[in-house]
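Starting from the known structure of chain F, arrange chain U on it as the hints suggest.
Residues per chain are reported as follows:
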Amino acid sequence: MMDDWTTLGYLVAAVLFILGLKRLSRPRTAVRGNQFGAAGMLIAVMVTLADNAILSFEWIIGGLVLGAAVGALLAVRVQMTAMPELVALFNGFGGGASVLVAAASFIEAADLATGTTRLSAAAALASLIGAVTLTGSLIAFGKLQEALRWSGFPGMRVVSAAGAVAAAVFGTLMVVDAGNALWLWLLIAVGAVLGVMVVSPIGGADMPVVIALLNSLSGMAAVAAGFVLDNSLLIIAGSLVGASGLILTQIMCVAMNRSLPAVMFSPAPSGDGGPSADDVYAGKVRSTSPDDVAMLLESAERVAIVPGYGLAVAQAQHAVRDLARRLEDRGAEVVFGIHPVAGRMPGHMNVLLAEAEISYERLVEMDDINPTFEQTDVTIVIGANDVVNPVARTDPASPIAGMPILDVDKSDVVVIIKRSLSPGFAGIPNPLFAADNSLMLFGDGREAVVEVTKALQQI
Amino acid sequence: MDLLVAVTLFVMAVFLGVELITKVPPTLHTPLMSGSNAISGITVVGALLAAGSDHRTFTAVLGFAAVTLAMINVVGGFLVTHRMLHMFSPKRRAQRSVSGGPGSASNNPASPETSATEDGGP
Numbered sequence: 001m002m003d004d005w006t007t008l009g010y011l012v013a014a015v016l017f018i019l020g021l022k023r024l025s026r027p028r029t030a031v032r033g034n035q036f037g038a039a040g041m042l043i044a045v046m047v048t049l050a051d052n053a054i055l056s057f058e059w060i061i062g063g064l065v066l067g068a069a070v071g072a073l074l075a076v077r078v079q080m081t082a083m084p085e086l087v088a089l090f091n092g093f094g095g096g097a098s099v100l101v102a103a104a105s106f107i108e109a110a111d112l113a114t115g116t117t118r119l120s121a122a123a124a125l126a127s128l129i130g131a132v133t134l135t136g137s138l139i140a141f142g143k144l145q146e147a148l149r150w151s152g153f154p155g156m157r158v159v160s161a162a163g164a165v166a167a168a169v170f171g172t173l174m175v176v177d178a179g180n181a182l183w184l185w186l187l188i189a190v191g192a193v194l195g196v197m198v199v200s201p202i203g204g205a206d207m208p209v210v211i212a213l214l215n216s217l218s219g220m221a222a223v224a225a226g227f228v229l230d231n232s233l234l235i236i237a238g239s240l241v242g243a244s245g246l247i248l249t250q251i252m253c254v255a256m257n258r259s260l261p262a263v264m265f266s267p268a269p270s271g272d273g274g275p276s277a278d279d280v281y282a283g284k285v286r287s288t289s290p291d292d293v294a295m296l297l298e299s300a301e302r303v304a305i306v307p308g309y310g311l312a313v314a315q316a317q318h319a320v321r322d323l324a325r326r327l328e329d330r331g332a333e334v335v336f337g338i339h340p341v342a343g344r345m346p347g348h349m350n351v352l353l354a355e356a357e358i359s360y361e362r363l364v365e366m367d368d369i370n371p372t373f374e375q376t377d378v379t380i381v382i383g384a385n386d387v388v389n390p391v392a393r394t395d396p397a398s399p400i401a402g403m404p405i406l407d408v409d410k411s412d413v414v415v416i417i418k419r420s421l422s423p424g425f426a427g428i429p430n431p432l433f434a435a436d437n438s439l440m441l442f443g444d445g446r447e448a449v450v451e452v453t454k455a456l457q458q459i
Numbered sequence: 460m461d462l463l464v465a466v467t468l469f470v471m472a473v474f475l476g477v478e479l480i481t482k483v484p485p486t487l488h489t490p491l492m493s494g495s496n497a498i499s500g501i502t503v504v505g506a507l508l509a510a511g512s513d514h515r516t517f518t519a520v521l522g523f524a525a526v527t528l529a530m531i532n533v534v535g536g537f538l539v540t541h542r543m544l545h546m547f548s549p550k551r552r553a554q555r556s557v558s559g560g561p562g563s564a565s566n567n568p569a570s571p572e573t574s575a576t577e578d579g580g581p
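Protein chains in written order, with the working numbering: chain F, 1 to 459; chain U, 460 to 581.
Next up, chain F with everything else stripped away, as it sits in the complex (with noise of 0.2 Å):
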């Protein structure tokens, strides 16, 4: 059992993540906040090793060793851009990690019968949502980097409600029969598949609010081990992660305008019903050159510039910035629109623009820029659709009736870069591109900005 040093050193780590979380919410402060999460998580560390409950060293060790390369490598390496891509995994393997905990925690004692209804019951818990977690997030990483396109198939609905019940009954027989692991092992392999099932219909502009779910999830599977374990400290950091992950699942839902059952179970709006492509677009879109648009905003006082997913995707944000740093040099105001839901997680848009060193005092939230874009000269949207598209407020039978859009079609003129009159998510056309005061430069979010800038500098 734990002793009185461990308990006391559980505290200060707890006390270390409360503050580091209080710090993370100030740009000032969070770097420090940050480090007190990790100064937090090392004490709880040193201090587990230090207690008596541990017996032997060698796995211990191979596992920190083999651990904390495999992380520091993937941190160091990947790309601001694939930011989702690896919170999500990392995610996963927090929901993996309580899983093994579990299980292994259950066949110990099953093995010297110390089990307990609480430890039951606890094991089955944090088996089910760490299994859901480890596959779902492998899922939303694997849809998050492009290579898994699968969205299920008919019927899957039916095939997760019977794998919650089955999910159930295995959790029950788990406390009921604690001696046998044979019911741990299937309600982990149920908790797999139910994961996968959740997720695999999930995608595009939804895929922040599955994020931040699968972040609030691991934080719960952890708190279900701490349960298990009987551990103060993993029950409260589990909580204030869960309940951080909840927060902002519910942020995320309320820019959709969407509930969460409706992410979650709905399938994705489509656009049947509504004006076709050709209705809304046909003679109507005027396309332009980067030389055109650099005449425009030669003279132009006032520029926002709206990023979407697609200038993640264009790895367009220092050029943006280029772009941004010319026109502050021919004395014009420029601002950026960030829209909750612009990119694949919460804040993508806002680590993007900062990696190009875009001071975050700039980036304007939505409610805060709408009412200025009356007065702005010329609005730059790069890569981004639905979060633009007038139809939101216009037409109440739409698929994105009532979600909060950026009104950028108030300014006097809107520039909007993209590939082509693809739609976004919704799957819905966009009158915002045939608009009378719409110009649209085709081609690729990084390649159409700096061609701009280039053509500025030679006016």
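None of these hints come from the bench; they were simulated from the model.
Among these hints, one or two may not hold up.
Ranges of calculated distance between the beta carbons of each label pair, as one might list FRET restraints [unchecked claim]:
| no. | chain 1 | residue 1 | chain 2 | residue 2 | range |
| --- | --- | --- | --- | --- | --- |
| 1 | F | N437 | U | T481 | 31 to 41 Å |
| 2 | U | L463 | F | Q375 | 51 to 61 Å |
| 3 | U | P484 | F | A53 | 40 to 50 Å |
| 4 | U | T481 | F | G179 | 19 to 29 Å |
| 5 | U | L463 | F | F57 | 28 to 38 Å |
| 6 | U | V520 | F | P396 | 51 to 61 Å |
Glycine residues also receive a C-beta, built at the ideal position from the N, C-alpha and C atoms.
Only chain U this time, still in chain F's reference frame:
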């Protein structure tokens, strides 16, 4: 630990987490997520206990795998968060609002020469 004490701890910590996170601005949502993700690697503590219990080889192997996975989560999570937050740090921002610090010219060939106002210091 008494079950009710553990449940109390859980409920209080959830409320505390909600209070802490509600105030985070959208700019920091990604670092917050990867940082809290690293904290969820706290399950490494449980993994250490499982790997070191000396019960039988099978549970030790499970513990070893758990330690490895959790350590990837912890070390990778904190490091990548640090990398991200470093980009937000005021020191790296120049006095000019859009342009960046001294390193910016090198990672982009298209950028103009570093100007005199751009010393990167706060």
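Tested hints:
1. F/N437 - U/T481: 31 to 41 Å: Given range 31 to 41 Å: holds, Cβ gap about 38 Å.
2. U/L463 - F/Q375: 51 to 61 Å: With a Cβ separation near 59 Å, U/L463 and F/Q375 satisfy 51 to 61 Å, so the hint holds.
3. U/P484 - F/A53: 40 to 50 Å: Given range 40 to 50 Å: holds, Cβ gap about 41 Å.
4. U/T481 - F/G179: 19 to 29 Å: Because 45 Å falls outside the window, the suggested range is violated.
5. U/L463 - F/F57: 28 to 38 Å: Once the Cβ atoms are compared, 35 Å apart, the range 28 to 38 Å for F/F57 and U/L463 holds.
6. U/V520 - F/P396: 51 to 61 Å: About 58 Å separates the Cβ atoms of U/V520 and F/P396, which means 51 to 61 Å holds.
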